[in-house]
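Trainee: Given next are the chains, with one letter for each unit.
Protein chains: 2
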Amino acid sequence: MVDILHRVGVENSSPEKVYDALTTVEGLVGWWTDGTTGRSVGRSGSTGVGEVIEFRFPPGGFDMEVVEQTPSKRVAWKVVDGPEEWVGTTIDWELRQDGDYTIVMFKHQGWKEPVEFMHHCSTKWATYLMSLKSLVETGSGAPAPRDVHIAFPD
Amino acid sequence: MVDILHRVGVENSSPEKVYDALTTVEGLVGWWTDGTTGRSVGRSGSTGVGEVIEFRFPPGGFDMEVVEQTPSKRVAWKVVDGPEEWVGTTIDWELRQDGDYTIVMFKHQGWKEPVEFMHHCSTKWATYLMSLKSLVETGSGAPAPRDVHIAFPD
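So the protein lines, in turn, are chains A and B.
Sequential numbering from 1 applies to the first sequence in our numbering.
Sequential numbering from 1 applies to the second sequence in our numbering.
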């Protein structure tokens, strides 16, 4: 088992604001992908434990089941559909305030092997975390299909 | 043992050009840090196996021993001085051409524990790989102290 780990600090924010960007379709659309829909939530609605969020990108997508939402502290998703390497992996977000920064600790855990696609996803996650940081700090992120390209296809 | 893995594709380049950016002080200054010096090489000179490169940043730095240089294919460094968590770890670069892209496979291996600093370094490496990509593609990177900030201090 190998993991993708990242950390960013969101300036002049709060754990509440970052939590909102991770648990509402409106927030997720702002930093990850335009193609975000919740099967049981509207575009501006909040996600909830047990619900499945569908994230779609030009090359494909992922369905994530929300497995934990602890307000302003932790969000966890389990991948229930998508690329073979992703299915069964978990994505975990932990939030805390440290001075002027909201610290976001990110883990994409449970990869079976450190395949080339995992290297790609690690770098790509970093660019999406920077998009999340930018969204919360400035109101503007870089979600797909306006995302930062690191190779091709991505 | 846990690793940081990344991958970028450098467009309209060649493994030779990326290799040069990893094995000359002039190249390293262009994407990683202004504070790059080789104990036995000049600013425009090439690095060589067994030599130590000193990388300095506003918050500190690393001394790396070059352990492998296979032209246009692979570069490996071992950290011989720097933060405690880094000493003894290895940084490995593999290059290959795939269509219009030079694929850069990156590994920072040998971390003892997945500490918070490792999460930070993973994201920071991604931004420096994007700086390397930009340097080779456009002639302009974002080396320290003009680097992309992801938190504080970094």
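If you're looking for bench data, these hints aren't it; they were derived computationally from the structure.
None of the values given here were measured: they were computed from a predicted structure.
Heads up, some of the hints might be wrong.
You can't tell identical chains apart in this list, so a pair holds if it fits in one copy or across any two.
As the list claims (entries may be wrong) - With a straight-line cut-off of 25 Å between C-alpha atoms, the simulated SDA-like cross-links for lysine to any residue are:
| hint | residue 1 | residue 2 |
| --- | --- | --- |
| 1 | Lys73 | Pro83 |
| 2 | Lys112 | Val67 |
| 3 | Lys17 | Asp81 |
| 4 | Lys107 | Asp154 |
| 5 | Lys112 | Gly139 |
Trainee: Look at each hint and say if it fits the structure.
Mentor: Cross-check of the supplied hints:
1. For the homomeric pair lysine 73 and proline 83, neither the shortest alpha-carbon distance inside one copy (28 Å) nor that between copies (29 Å) is at most 25 Å.
2. Only within a single protomer do lysine 112 and valine 67 lie at most 25 Å apart by alpha-carbon distance; the minimum there is 20 Å, versus 29 Å between protomers.
3. In this assembly of identical chains, lysine 17 and aspartate 81 lie within 25 Å of each other by CA distance neither inside one copy nor across copies; the values are 28 Å within and 39 Å between.
4. For a Cα distance limit of 25 Å, the shortest separation of lysine 107 from aspartate 154 qualifies both inside one copy, at 20 Å, and across copies, at 20 Å.
5. Proximity of lysine 112 to glycine 139 under the C-alpha cut-off of 25 Å is found in neither arrangement, the shortest distances being 36 Å within a copy and 38 Å between copies.
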